[in-house]
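Chains as they are written, first to last, in our numbering: chain B, 1 to 138; chain L, 1 to 521; chain E, 1 to 249; chain F, 1 to 122.
The reader is advised that the hints may include incorrect statements.
As the list claims (entries may be wrong) - Pairs of lysine to aspartate or glutamate, DMTMM-like flavour, derived with a Cα cap of 25 Å:
id	chain 1	residue 1	chain 2	residue 2
1	E	LYS3	F	GLU113
2	L	LYS295	L	ASP196
3	F	LYS110	B	ASP75
4	L	LYS108	E	GLU196
FYI, nobody ran anything at the bench for these hints, they're computed from the structure.
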Amino acid sequence: MIAIVLFVSVLLIGLAAGAIFVRSLGSAVILLGAVSLLVALAFLLLAAPDVAITEAAIGSALTTLVYVLALRRTDSVHRADTDGELGMERAGGTAKGAFKGAPRIDGVARAADGSVLQSGVSSAGASRASEAKGDSRA
Amino acid sequence: MVSPMILIALPLATAFLIVLIGSRVAARWLSLAAVALLAGLAPFWFAEVLRNGPMAIVLADVLPPLGIAFGLDALSAGFVLLIAASGLLVLLYSVPYIPHAGQFEGAKKAETRYYALFLLLLAGSFGLVMTRDIFNLFVFFEILCISSYILVAYSQEERSLEAGIKYMILGSIGSAFMLVAIGLSYRVAGSLAMTDIGQALATAPHGYALLVAVLFTLGFGIEAAIFPLNTWLPDAHSSAPSSISAVLSGFVIEVALVVLVRIGITVFGTLMEPAMGVLALAGVVVGELAALGQKELKRTLAFSSIGQVGIMLFAFSLGTQSGDWAGLGQLLMHTGAKSALFLVSGYFILRTGSHEIEAYRGLARRMPAAAAFFSLAALSLVGMPPFFGFFTKFRIIEVAAAARSALGYAGIVVILFGTVIEAVYLFRIVRVLYGGVTAAAAASANGATIGGLGAPGSIADSTLLSVAGAPSSVPTLARADLPALAWIAVAAFVALVLVGGFAFPWFDQALQPVAAALAAL
Amino acid sequence: MRKVIGFLLIASFAFFIVSLVARDLWIDDPAQVRTIGQAAIGQTIPQSGAANTVTAIVVQFRGLDTLGEVTVLFLSAIGVALLSGEFAGRGLNELFADDGGFILHYGTRLVLPLIALVGAYIVAHGHLSPGGGFPGGVLIATAVFAVLMTNVQQRLSTRLMAVIEGLAGLAFVGLGTLGLLGDKFSFLANVLPKGELGFLFSAGIIPLIYAAVGTKVAAELSTLVTSLTGSDKDAGPASVSAGGKGGAR
Amino acid sequence: MISVSAVLYTTSIILVLLGLYGALTRKNLIRTVISLDVIDLGVNIFLITIGYIKDGRAPIYVIGSGSLSVQAARMADPLPQALVLTAIVIGFGVTAVALTLIMRLYEKRKTVEVSETRGLKW
């Protein structure tokens, strides 16, 4: 029992640090969802099933959905801002994304920074090590 | 006797009903009716509590500590009266004001939501004052905070959105600290009732109690605008719709401050008096000096609120019951005066379309009533003799002198210094209001008819264009002075300030049991 | 520069916490404090007739907290709807070019009733098994999200959701005042008969309140996501309605 | 032997401090909201760990498997669990409104960075 708790705790802290410091916001949100699921597991280990179900339902499913909408609306799925220290400096190149980068109706933001978003969200299986491929923004 | 629980149930039910019906007119009159009913009942509860002592309310037919400890004592009943009355007056003011407050898409539907949010803010304040249970306090605190975050961002201009986000980030850090404090106190007391926690913390190791006190003060201090934690306040109060600025400065900060002081004294045993006193005085100095340098009217008033909160906290941190008594007097005066100032400034902004003080030059001629109310409230806030403010500030100086401590004397110097600065920037605004259009402005206004009352529009437009370069997109309205409902609301607040001055002994007597209840839970 | 200040602040705060509570939290086991939680375990069956003590505490013993909590969700739903007026009508097709194609679209339609059913089950069995109004309500709302996310043309009427939400809220407050009117004269009292422990229709008022909470949470979250995605049928000029409910693409 | 509570107390306090550092030093607003969520998760673990007793069981009576009082003795404390249930929902409410504000601010200002010019300055 103590071994599982230790393992979950270390993983929890690692992923949480990742969620805050990783370079691309898209990965940060996915990591936050993972952290939230791990916390739900921790609640199960602490004999709190009610809270585990609620945390899983609200914490990981719903919060991640709202974050994805927020990222989409602020064009920052691949925003590599100065805050994120972790993660490799991404080379250019486009992954075959599922969503074609249709110019947004208010298109102005897109034209301003000159790069049309070709790449879609990194494929779900991409482990943390291999960063999402995307245009490196100005 | 109607159970005080309708103070929570009625606003909630009305808010749900308003969103259900969804029509603006229904929202307006339903919320007015609900708050009027509560404001009507509040004096009876206050009288009954004064007559036969605190009224404990059993919730869910389960006695505390298993159930939630809830009840009305002199302090709660006093504040319920204050909140219900201010809420009703600001609602009256909102009816004509809110349609002009937000120029955004879907503003019509938004108005029904404004009234629902306002009712929930009132329910949060009522609950905050009445609860005796720490976690219940946290829940009502969250209701109050979230409704004020949204209401600050109601007009959806860029400055109010940014103010809302900053207020929210600080607020949610604060509420996380409070949760940790609640966890720690439950761990040592085994119960959530404040009385049990007070006893348990008294026997707990000193470090433990200090940590719980510091965490709780950090969490609550942000909302109560204690000095280092209130960086959010100037932006939030100046970019919120004026009716909301009046509510925030009027009673929301005060309720948070009093609940923090009460918990500090009764639950944690130490309000860390010396530290709080120093913070309070620092708040007065910084608040007043910053207000001096402001160009915009509502930002000046927001900074003056920081100064006033500093004065109140200083009075509470003297640790004596007469100190609390003086602090409550100053709080009541501030509610009346500051609400009136913010409500009137709402219409100054609407009439001239600009937040800059300079744009209101010579506005008194077009808005005589509004300018008169502004001057009366400003006089009382500064503390001129015939007004309520003079007696309350004088009482605080008296108590500070009686304390005979270094803090007390330092306090007197700082308060007098603060009063001088308040006088400077408030009278500067009054002078602008009543001042004629100066030669320079008239020249640049190329041919605006000076003092031509016949064409009110021309003065506003010319000064608007040449002097202020209106940053906000609020249109200027033809009709000159305050509409009827707004006039009544502001007049009532100013009346509190005037009557407070003349009938000060009566107010003093009424506040005495409320101050006594502050120290006893 | 910000990072250094931030780090120093956090380090001093951490030292402050550890120095004060280190011995208490980590080293010695807490003296067996008779907590109210243990008392609640004993009181659950006699006082509320529910098998799940957490539900008994959340709904009955500390019912006001839950009322406050539902109000917080109501507040955030209103706040989001109010603030996202600008997105109205622009819908998801502006954000996502296509929604994952045929299989996902019709797959969701198949799974949809199951999600809602599981959600309803969790709400109904709140007083017997883990979970209750909140997780169940969220699950039911997830069914609505699935519809929205897999069909970007889909428009849902927030007017209908607002009505459901209002009715559920009034039901909750009504059930609460039921206690006020009865002989017990206390808000949110459990006035209905407790029934047989472990049966569906037991624990008096608790299943009713949790049903109201579940419906309200489901309606609120659906309103929240519908207004966020801007696929609100009733609002916005340019709302592209894709030929009625669930019309083929 | 390290107890489960000690490990989880440490984790929760590290999570809170991580989140606090993230919230105070990040310029990107969405990253700040993510940090606030991390703080909330940390605090929730802290609250539940308070109610945990060694080898405690879920505080739900199972009908027909042993006497109720025996089950009651081994149950973890249900009160902190009720509190965390409320805290999670409140945390989500705040996050949803914060993200909506950020979206609207992006509509107006095309940037998600905290503007240094008017940041937390007076």
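Each hint, compared with the structure:
| no. | hint | in the structure |
| --- | --- | --- |
| 1 | E:LYS3 / F:GLU113 | 16 Å, holds |
| 2 | L:LYS295 / L:ASP196 | 50 Å, violated |
| 3 | F:LYS110 / B:ASP75 | 9 Å, holds |
| 4 | L:LYS108 / E:GLU196 | 51 Å, violated |
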